[in-house]
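A.B. asks: For chain A, the structure is supplied; the task is to place chain B on it using the hints.
In order, the protein sequence lines correspond to chains A and B. Heads up: the first sequence runs through residues 1 to 299, numbered per the numbering used here. Heads up: the second sequence runs through residues 300 to 598, numbered per the numbering used here.
Keep in mind that the hints were calculated from the coordinates and are not lab data. Each hint should be verified, as a subset may be incorrect.
What the hints assert, rightly or not - With a cut-off of at most 25 angstroms between alpha-carbon atoms, the simulated DSS-like pairs for lysine-lysine come out as follows:
| id | chain 1 | residue 1 | chain 2 | residue 2 |
| --- | --- | --- | --- | --- |
| 1 | B | K504 | A | K205 |
| 2 | B | K505 | A | K206 |
| 3 | B | K571 | B | K318 |
| 4 | B | K396 | B | K374 |
| 5 | A | K97 | A | K278 |
| 6 | B | K329 | B | K594 |
| 7 | B | K593 | B | K329 |
| 8 | B | K505 | A | K205 |
| 9 | B | K594 | B | K396 |
| 10 | B | K396 | B | K577 |
| 11 | B | K359 | B | K593 |
| 12 | A | K206 | B | K504 |
Claimed, not checked - With beta-carbon atoms standing in for the labels, derived distance ranges:
| id | chain 1 | residue 1 | chain 2 | residue 2 | range |
| --- | --- | --- | --- | --- | --- |
| 13 | A | N17 | B | Q365 | 31 to 37 angstroms |
| 14 | A | R28 | B | E341 | 55 to 61 angstroms |
| 15 | B | Q514 | A | S54 | 29 to 35 angstroms |
Backbone N, C-alpha and C fix where the C-beta goes; we use that ideal spot for every residue, glycine too.
Protein chains: 2
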Amino acid sequence: VVDDYPSRQYQKPTYFNRKDPVIFSDDRQKAPLDEALLDHYEKNGFLFLDHLFSEDEIAKMQRYMQCLRDDEFIKQREESITEANSGDICSVFDVHKLNDFFQSVAEDPRLVRIAEYILGDQVYLHQPRLNYKPGFRGKEFYWHSDFETWHVEDGMPRMRALSMSITLTPNDHNNGPLLVIPGSHHTYVSCVGETPDNNYLSSLKKQEVGVPDDQIVQNLVESYGIEAAVGQPGRIILFDCNLLHGSNGNIIPAPRSNLFFVYNALSNRVGKPFGDTKVRPEYIAAREDIRPLKKVINT
Amino acid sequence: VVDDYPSRQYQKPTYFNRKDPVIFSDDRQKAPLDEALLDHYEKNGFLFLDHLFSEDEIAKMQRYMQCLRDDEFIKQREESITEANSGDICSVFDVHKLNDFFQSVAEDPRLVRIAEYILGDQVYLHQPRLNYKPGFRGKEFYWHSDFETWHVEDGMPRMRALSMSITLTPNDHNNGPLLVIPGSHHTYVSCVGETPDNNYLSSLKKQEVGVPDDQIVQNLVESYGIEAAVGQPGRIILFDCNLLHGSNGNIIPAPRSNLFFVYNALSNRVGKPFGDTKVRPEYIAAREDIRPLKKVINT
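Pulled out of the complex, with its shape left as it was, chain A reads as follows:
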């Protein structure tokens, strides 16, 4: 397999243009989103969607999120990632397998049809999780492209995946909201460094390899700026797999939590990791247990 997106292979950081479309479907008649929204997504690599779920549905997601967080059985599972200092849960992976309700949300046609349209294919869940950024001492997450990691460490061949983050607490400027560099998804930043075995055990808490070079980040910020994904619970932040994003820490009491689904095109299933590392656990990257989601858009 040709590696169209080499990273962690060169001595010096570099970058080049994306080699895949951003939106894979052409027939805008069948699109589940307005033309203007699709144009915004193509140009900027992200989109905010409000009011897709009802207040009752959001309230239910919030209740289940709290239940999982308080569940000592869940906390002991390997799918639960805890913060390096505090031991608090920061992520629970494979939430759709741990909880039927979250599975029904992940399979909801309102989400799936958007993923199907943008990716131009039937889709499956690559990585569904709950993220908790606690109040008081929530940690920062440095700039990164998810695709860079999924490509190198999981063997995802093409930029044909997207994330949907359903915010479940208020996200304001002070509690470490998601920061994105709009338009950065058009550029692939090839990073420096070698991937250690079992990198995921530490990288999910603090990423040390697959980190873009400071100067390249600075150039992209000078070209494109930064946008903070602030908003009320229920807002969906839809973003391309290659969009550079990160977040500052959170010293204020209010936590920042979200339900997070990564959809991948069925034609873009992961293979041998391009970084030649051991494959990561199934709960971090669906590999064996691929369950295609029921198609919503007729083709």
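C.D. replies: The following block gives chain B in isolation, referenced to the frame of chain A:
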């Protein structure tokens, strides 16, 4: 000497009302600030002052700030505090002694008369410094009251000091601006924990004792909210010595730097530390070398 503000002495965190005025002068005819601004300061414990310095003056401060930062001789001095991970300079203390221009700014009558009026006394410089919060990986600073530390570790008897932070880079929501809890200066939060000797060697990088209790912070935030001190270079953030403040880290390229002067009332000179610890170095808390600043307001 009676300890009116005990902290780090009890097993459990507690809080009580401030026992000092916020503004010590009564004669508003002589005030260097409008009535409305003084009322805001009294109520909220802070104030933003714009256009006090000219653009040329601000540009000169920015140039000198850069010079000091790039000066290897300065970096080696004990007055320079470096970040735990990167080794970058985060603060330079006693800048007025290291640089004549910064001394002239600190003594500028436009600043001194405000300090004199609010503190109702002749004033001196308790702690003048430059703060650099670097871009990319600037560290957070957790909630704290400066007075709590100055009282316990330096022996400052009363809440009769104030800080002026002259911002020298843009402060926006994304680069870890100063966050304050407006009105929190009316409450003294007595903290838990014992002060180790030479605590300043680590506390200036990351504070571990003198940290207010989470629940008390949460109560204060619920009562008063949080305000971010965003603004353009040249804005002066004036705040009471007991105002709870902190800042998140900074992953974006733009650094956040400021010139920072603490003025103390001459009648409020530091004595024996109330925490019974060794005195901290002169550059962190003026003790022997007190130079009263020339009075501006006639009394």
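A.B. asks: For every hint, state whether the structure bears it out.
C.D. replies: Do the hints match the structure? See the list:
1. Among the hinted pairs, K504 of chain B with K205 of chain A is consistent with the structure: their alpha-carbon atoms are about 22 angstroms apart, no more than 25 angstroms.
2. For the hint pairing K505 of chain B with K206 of chain A, the CA-to-CA distance comes to about 19 angstroms; that is within 25 angstroms, so the pair holds.
3. The suggested pairing of K571 of chain B with K318 of chain B holds, with an alpha-carbon distance near 20 angstroms, which does not exceed 25 angstroms.
4. Note on K396 of chain B and K374 of chain B: the hinted pairing holds, with a Cα-Cα distance of about 15 angstroms set against a maximum of 25 angstroms.
5. With a C-alpha separation of about 24 angstroms, the suggested pair K97 of chain A and K278 of chain A falls inside the 25 angstroms cut-off, and the hint holds.
6. At roughly 13 angstroms between alpha-carbon atoms, K329 of chain B and K594 of chain B fall within 25 angstroms of each other, so this suggested pair holds.
7. The suggested pairing of K593 of chain B with K329 of chain B holds, with an alpha-carbon distance near 17 angstroms, which does not exceed 25 angstroms.
8. A threshold of 25 angstroms between alpha carbons decides the hint, and for K505 of chain B with K205 of chain A the separation of about 20 angstroms falls inside it, so the pair holds.
9. Taken as a hint, the K594 of chain B and K396 of chain B pair is honoured in the structure, with Cα atoms around 20 angstroms apart against an allowance of 25 angstroms.
10. For the suggested pair K396 of chain B and K577 of chain B, the alpha carbons sit about 24 angstroms apart, so the restraint of at most 25 angstroms is met.
11. Taking the CA atoms of K359 of chain B and K593 of chain B, the gap is about 23 angstroms. The hint holds against a cut of 25 angstroms.
12. Restraint check: the Cα-Cα separation between K206 of chain A and K504 of chain B comes to about 20 angstroms, which is no more than 25 angstroms; the hinted pair holds.
13. Here the CB-CB span from N17 of chain A to Q365 of chain B is close to 35 angstroms, well matched to the stated 31 to 37 angstroms.
14. Evaluation of the 55 to 61 angstroms hint for R28 of chain A and E341 of chain B yields a pass: the beta carbon distance comes to about 59 angstroms.
15. For Q514 of chain B and S54 of chain A, the hinted distance range of 29 to 35 angstroms is satisfied, since their beta carbons lie about 34 angstroms from each other.
Against the hints set out earlier in the document, no violation occurs for any number.
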